[in-house]
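Model the full assembly from the supplied sequences, consistent with the hints where possible.
Number of protein chains: 2
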Amino acid sequence: MEKVIGWIGTGVMGAPMAGHLLQAGYSLRVFTRNPEKASALLAQGASWCDSPAKAAEGADVVGVMVGFPEDVEQVFLGEEGILSTVRPGALLIDFTTSSPALARRVAEAAEAKGACALDAPVSGGDVGARNASLSIMVGGDATGFKEALPLLECLGKTRVHQGPPGSGQHTKMVNQIIIASTMISLCEALLYARRSGLDPELVLQSISSGAAASWGLSNLVPRMLRQDYAPGFFVEHFVKDMGIALAESRAMGLHLPGLELAEQLYRNLVELGHAKSGTQALILALEAMNAG
Amino acid sequence: MEKVIGWIGTGVMGAPMAGHLLQAGYSLRVFTRNPEKASALLAQGASWCDSPAKAAEGADVVGVMVGFPEDVEQVFLGEEGILSTVRPGALLIDFTTSSPALARRVAEAAEAKGACALDAPVSGGDVGARNASLSIMVGGDATGFKEALPLLECLGKTRVHQGPPGSGQHTKMVNQIIIASTMISLCEALLYARRSGLDPELVLQSISSGAAASWGLSNLVPRMLRQDYAPGFFVEHFVKDMGIALAESRAMGLHLPGLELAEQLYRNLVELGHAKSGTQALILALEAMNAG
Numbered sequence: 001m002e003k004v005i006g007w008i009g010t011g012v013m014g015a016p017m018a019g020h021l022l023q024a025g026y027s028l029r030v031f032t033r034n035p036e037k038a039s040a041l042l043a044q045g046a047s048w049c050d051s052p053a054k055a056a057e058g059a060d061v062v063g064v065m066v067g068f069p070e071d072v073e074q075v076f077l078g079e080e081g082i083l084s085t086v087r088p089g090a091l092l093i094d095f096t097t098s099s100p101a102l103a104r105r106v107a108e109a110a111e112a113k114g115a116c117a118l119d120a121p122v123s124g125g126d127v128g129a130r131n132a133s134l135s136i137m138v139g140g141d142a143t144g145f146k147e148a149l150p151l152l153e154c155l156g157k158t159r160v161h162q163g164p165p166g167s168g169q170h171t172k173m174v175n176q177i178i179i180a181s182t183m184i185s186l187c188e189a190l191l192y193a194r195r196s197g198l199d200p201e202l203v204l205q206s207i208s209s210g211a212a213a214s215w216g217l218s219n220l221v222p223r224m225l226r227q228d229y230a231p232g233f234f235v236e237h238f239v240k241d242m243g244i245a246l247a248e249s250r251a252m253g254l255h256l257p258g259l260e261l262a263e264q265l266y267r268n269l270v271e272l273g274h275a276k277s278g279t280q281a282l283i284l285a286l287e288a289m290n291a292g
Numbered sequence: 001m002e003k004v005i006g007w008i009g010t011g012v013m014g015a016p017m018a019g020h021l022l023q024a025g026y027s028l029r030v031f032t033r034n035p036e037k038a039s040a041l042l043a044q045g046a047s048w049c050d051s052p053a054k055a056a057e058g059a060d061v062v063g064v065m066v067g068f069p070e071d072v073e074q075v076f077l078g079e080e081g082i083l084s085t086v087r088p089g090a091l092l093i094d095f096t097t098s099s100p101a102l103a104r105r106v107a108e109a110a111e112a113k114g115a116c117a118l119d120a121p122v123s124g125g126d127v128g129a130r131n132a133s134l135s136i137m138v139g140g141d142a143t144g145f146k147e148a149l150p151l152l153e154c155l156g157k158t159r160v161h162q163g164p165p166g167s168g169q170h171t172k173m174v175n176q177i178i179i180a181s182t183m184i185s186l187c188e189a190l191l192y193a194r195r196s197g198l199d200p201e202l203v204l205q206s207i208s209s210g211a212a213a214s215w216g217l218s219n220l221v222p223r224m225l226r227q228d229y230a231p232g233f234f235v236e237h238f239v240k241d242m243g244i245a246l247a248e249s250r251a252m253g254l255h256l257p258g259l260e261l262a263e264q265l266y267r268n269l270v271e272l273g274h275a276k277s278g279t280q281a282l283i284l285a286l287e288a289m290n291a292g
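Chains as they are written, first to last, in this note's numbering: chain L, 1 to 292; chain Y, 1 to 292.
Keep in mind the hints are simulated off the structure, nothing from the lab.
Only a predicted model underlies this, so the values are computations on that prediction, with no experimental measurement involved.
Backbone N, C-alpha and C define an ideal beta-carbon position, used for all residues, glycine too.
It is possible that part of the hints are untrue.
List time: in silico DMTMM-like cross-link candidates among lysine to aspartate or glutamate, alpha-carbon distance up to 20 angstroms [unchecked claim]: (1) Y/K157 / L/E201; (2) L/K146 / Y/D199; (3) L/K113 / L/D141; (4) Y/K146 / L/D199; (5) Y/K240 / Y/E70; (6) L/K3 / L/E153; (7) L/K240 / L/E70; (8) L/K240 / L/D126; (9) L/K157 / Y/E201; (10) L/K240 / L/E263; (11) Y/K113 / Y/E73; (12) L/K276 / L/D71.
Simulated restraints, written as ranges between beta carbons of each label pair [to be verified]: (13) Y/K37 / L/G243: 48 to 58 angstroms; (14) L/S218 / Y/E201: 22 to 32 angstroms; (15) Y/P222 / L/P88: 39 to 49 angstroms; (16) Y/Q205 / L/A291: 40 to 50 angstroms; (17) L/A275 / Y/A275: 39 to 49 angstroms; (18) Y/Q205 / L/N290: 32 to 42 angstroms; (19) L/A230 / Y/K37: 46 to 56 angstroms; (20) Y/E108 / L/V12: 47 to 57 angstroms; (21) L/A288 / Y/A275: 35 to 45 angstroms.
Computed footprint of chain Y on chain L, listed as stretches where at least three residues anywhere in the stretch have a Cβ under 8 angstroms from a Cβ of chain Y [to be verified]: (22) 197-211; (23) 215-227.
Pasting the structure below:
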C-alpha cells in the first residue's frame, strides 16, 4: 500500500519538494496558509486539507516547510496542529530552518504521542529544491532517519544524520555562521576594489581561483556587480537564521563577534527597505555606511 | 644574448621563483640578507652579489621578493638599493606584498632613472611558488607589463595587468580582505559546531559543497580539526597585509568593520605567541576569547 504523506507549506521551497514526492508515487495531503499556492499540486493529484491537524490525521509521514519558528510551533504544537491528530508510529519531518531548542520540544511532544519527529533543514535554495539537489541535515532518532531515507532521497543528494533532535538545526546554523562573515568579506572587498580605482571584473580574474575562492565570490559578487538584488535567499530569512544562531550561541556561553557584526549589518539593510531582497544586497548597507 | 636578471630575496617564496628563472635559461645574479638561503641557487649557476645595488648593476630585469614594506623601501630606495645603480631601460618587478603607496613611490623613482617598476604581488603560497602556479597581480605601465610577460609566465599561471602603479598591491589587498572575514567565519562556525555537540567531520559532509563552500573550508578547517598549525601562510605576514589594507582604507575614507575585527583577532593571536604559525591558528584566538 502506498504511503500517505501530509504536507504543510507550499512556498518557493515547499511546493517543488512536495511535487517530487507526488511524482515518486506518494499520496499527498496538503495544507498551506495561502491555498492558491497549492493549486499546482492539487492539479497534479494532491488532496486539500483545511488544517495541519487534518493533513496529519492518519498520515504515515508529515513533512513541514514553513517560514519562521513561530510557524513551526503553531503547525506542530498549535490547537489545530499536527500533534493533535498524529497517529502512533508516524514520522514527522520539519524541513524549516528553525530553532534547535524548538526542534527538541517538538521531538519530545512527538515521542509522547508514540511518533518520531526529525529536524531536517536544507541548503541549496529554490534551485536545489527544484532539482532535488538539496543538502539535508538531519537531527533526531537514528531509526527514524533510516525510515525517512527513501523519502529524503527524492528531495536531496546529500542526506546526513547529524545526531539527536536539534542537530540538524545546529548544523544549518554552522552553515549560516560561515555565510554571515563571508558576506561581509565580499562586500568589503568590492567596496575597496571600487574605491581604489580597480576594475572589479579584472580583480575577479586574479583572485577567484585562489585562497579567496568561495561560492559567494563566484555566485553573489557577479550579481552585486550587475546591481541584481533579486532574492535567491531572502534577507529576512537570513536575519531570522542569524538571530537563532546568536540566541543559541549566547545560551551556550559563546561570543561570536563576526556573527554579531553580520547580524547588525543585515539589520541595517532591513531598515534600508531590503527585507525581501537577496542576501547579496548587503553591499548596499556597506555602501550606505561609507557614503559621503 | 640572454637576459641578465638581478634577484633580491630567496626565502620560502623567492628561492623557488628564482629557480624557475634559472631553469628557463636566464642568467641570475642574487642578493639576499641571509647568504645561506641562496646556496642552492648558487650551486645551480647563479652568481652572488653583495648588495641590491650590485645585483641591479647592468641587469636587464630585477626581481624582488622580500618580507615587509620596510624591506621593499630599503631594497629599492636605500643607500645600496636598486635605484642607486639601475640602468635606463631596465625593468624592476616587486613580487612582495607591500603598500600601494610605496609601489607608486618606487614607480616614480624608477621613472626618474629611465627605468620601469611594476608591483606584482602573488597569491598561491609556497606550493604555488614551487609549482609555478601563482596568480600574479600586476600594477604599472602597460608596456612594462608586456615586456615582463615571458618572465611572469615562468612563475605563475594567472597574470593580469590590473592598472597603474599600485594596482597590483590594491588587488592583493582585495584578496586579503576576503580572506580576513572568511577566516573569522570558519573559526566561529567550528566553535559553534563543537560547543553544540556536533561532529565537525559530519558537519563538513553536509556543508562543504553548498553556499558555505570556500577554499578555506576545504583546506584550512581540516587542519584546524587536526590541530595542525604549521604555516602555509604566516600569521605575521597576514597581520602586515591587513595593516596595509586598513591604512589604505582609512586613507580612502573607507570604514571596513569586518577587516578591523579580523585584524584585532589576529593581533590577539600574535600575543598568544603565534606570529610564526599558519593563519588557520586563528581558531586558538577565538577559543581563548571563549574559554572559561
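Hint-by-hint comparison with the structure:
Only pairs whose Cα atoms come within 20 angstroms are accepted, and Y/K157 paired with L/E201 is accepted, the gap being roughly 18 angstroms. A distance of roughly 19 angstroms separates the Cα atoms of L/K146 and Y/D199; the hinted pair therefore holds under the 20 angstroms criterion. For the proposed pair L/K113 and L/D141, the alpha carbon gap of about 15 angstroms is at most 20 angstroms, so the pair holds. For a cut-off of 20 angstroms, the pair hint linking Y/K146 to L/D199 stands: about 19 angstroms separates their Cα positions.
Restraint check for Y/K240 and Y/E70: satisfied, since their Cα atoms lie roughly 11 angstroms apart, inside the 20 angstroms limit. Of the supplied pair hints, the one linking L/K3 and L/E153 holds, its CA atoms being roughly 15 angstroms apart against a limit of 20 angstroms. Simply put, L/K240 and L/E70 have alpha-carbon atoms about 11 angstroms apart, close enough for the 20 angstroms limit, and the pair holds. Taken as a hint, the L/K240 and L/D126 pair is honoured in the structure, with Cα atoms around 18 angstroms apart against an allowance of 20 angstroms.
Distance restraint check for L/K157 and Y/E201: the Cα-Cα separation of roughly 18 angstroms lies within the 20 angstroms cut-off, and the hinted pair is therefore satisfied. With a C-alpha separation of about 9 angstroms, the suggested pair L/K240 and L/E263 falls inside the 20 angstroms cut-off, and the hint holds. Between Y/K113 and Y/E73 the alpha-carbon distance is near 16 angstroms, which keeps this suggested pair within the 20 angstroms criterion. This hinted pair checks out: L/K276 and L/D71 have alpha carbons roughly 18 angstroms apart, not beyond 20 angstroms.
At about 53 angstroms, the beta-carbon gap between Y/K37 and L/G243 stays in the expected band of 48 to 58 angstroms. For the pair L/S218 and Y/E201, the supplied restraint of 22 to 32 angstroms holds, since their beta-carbon distance comes to about 25 angstroms. In this structure the hint that Y/P222 and L/P88 lie 39 to 49 angstroms apart at CB holds, the actual value being about 44 angstroms. Take Y/Q205 and L/A291: their Cβ atoms lie about 43 angstroms apart, and the range 40 to 50 angstroms holds.
Here the CB-CB span from L/A275 to Y/A275 is close to 43 angstroms, well matched to the stated 39 to 49 angstroms. A beta carbon spacing of about 39 angstroms between Y/Q205 and L/N290 agrees with the range 32 to 42 angstroms that was offered as a hint. Taking 46 to 56 angstroms as the suggested C-beta distance range, the pair L/A230 and Y/K37 conforms, at roughly 54 angstroms. Range check, Y/E108 to L/V12: Cβ separation about 56 angstroms, and the 47 to 57 angstroms hint holds.
Range check, L/A288 to Y/A275: Cβ separation about 37 angstroms, and the 35 to 45 angstroms hint holds. Check on the stretch 197-211 of chain L: 11 of its residues sit with their Cβ under 8 angstroms from a Cβ of chain Y, so the three-residue criterion for coverage holds. Using a Cβ-Cβ cut-off of 8 angstroms, 4 residues of the stretch 215-227 of chain L lie near chain Y, which meets the minimum of three, so the contact claim holds.
Comparing the model with each numbered hint stated earlier shows that all of them hold.
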